[in-house]
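Novice: Sequence:
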Amino acid sequence: MIWRLIDTDLAHPYYVTAADEAILEAFRKNIIPPTIHFYRRKPAGVSVGRTKKIEEDVNIKKCEKYGVKVVRRKSGGGTIYTDEGCLIYSITFSPGLETYDPLKIFQKTCSSIICALQRFHINAEYKTPNDILVNGKKISGSAQVRKGDSVLIHGTILVSTNLDVMREVLKKHKPVSTLEIESKGELPLMDEIKKALADEFSKTFGARLEKNDFTKYEKKLIEKLIQERYGRDEWNFKI
1 MIWRLIDTDL AHPYYVTAAD EAILEAFRKN IIPPTIHFYR RKPAGVSVGR
51 TKKIEEDVNI KKCEKYGVKV VRRKSGGGTI YTDEGCLIYS ITFSPGLETY
101 DPLKIFQKTC SSIICALQRF HINAEYKTPN DILVNGKKIS GSAQVRKGDS
151 VLIHGTILVS TNLDVMREVL KKHKPVSTLE IESKGELPLM DEIKKALADE
201 FSKTFGARLE KNDFTKYEKK LIEKLIQERY GRDEWNFKI
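The letter at position 86 of the sequence shown is residue 86 when you use the working numbering, and the numbering goes up by one with no holes.
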């Protein structure tokens, strides 16, 4: 099966959050094939899970100080900080005839990431349900959303993220690390990490990847979602 691969690389937090939703909607309408999307956020962003409360998770004054944008995504999970040093992936597909099992999807995706990191001699371990640890510290987490038979799972890989800023803008903290710290100076290039991930996702999901761009439908929907949702404080700061 042929899947689409899109590499947006650096983009505004509002844009990439809208893009993931647009991909899911386009897939549900059979406009596009299953899609893997890579991106990084510039400026830096705090991504808030759909049910989380801003005042409990985010230091707004620190976000303003560092120019960090706050955006609320439609998937669940915790509140996270992302910047240019954080690689984000999303995978949009249908589990097919299998019964929807979110844990199984987390397991398959995290196993792919662990295999990709092993190529760079980074030994990682899976922590149920959706985290990846290196030396006991979190370097990757993921979340997913389901619409009908379609699923979008997306997550982060902390490559060279500024952990000092992360600790200032987030009120809740877990032990985290980055590939830059754990690789002890032998940090692979971002493009090398993307290629390794693409290869492993391809193996895991039995797909052949073809690089492409957003369709006209997706581009229009991205603009609409930014105007009506992700670019508006009413959405991002609700609850």
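Among the clues, some could well be false.
Simulated pairs of lysine-lysine, BS3-like, Cα-Cα distance not exceeding 27 Å [as the list claims (entries may be wrong)]:
1) K195 x K104
2) K42 x K104
3) K138 x K74
4) K174 x K147
5) K211 x K29
6) K52 x K137
7) K29 x K174
Quick list of simulated restraints, FRET-style, between CB atoms [claimed, not checked]:
8) R146 x G78: 13 to 23 Å
9) T51 x R119: 31 to 41 Å
10) R119 x F237: 16 to 26 Å
Don't read these hints as lab results, they were simulated from the structure. The C-beta atom is built at its ideal place from N, Cα and C for all residues, glycine as well.
Novice: Against the earlier hints, flag every one the structure doesn't satisfy and list their numbers going up.
Specialist: 2, 4, 7, 10
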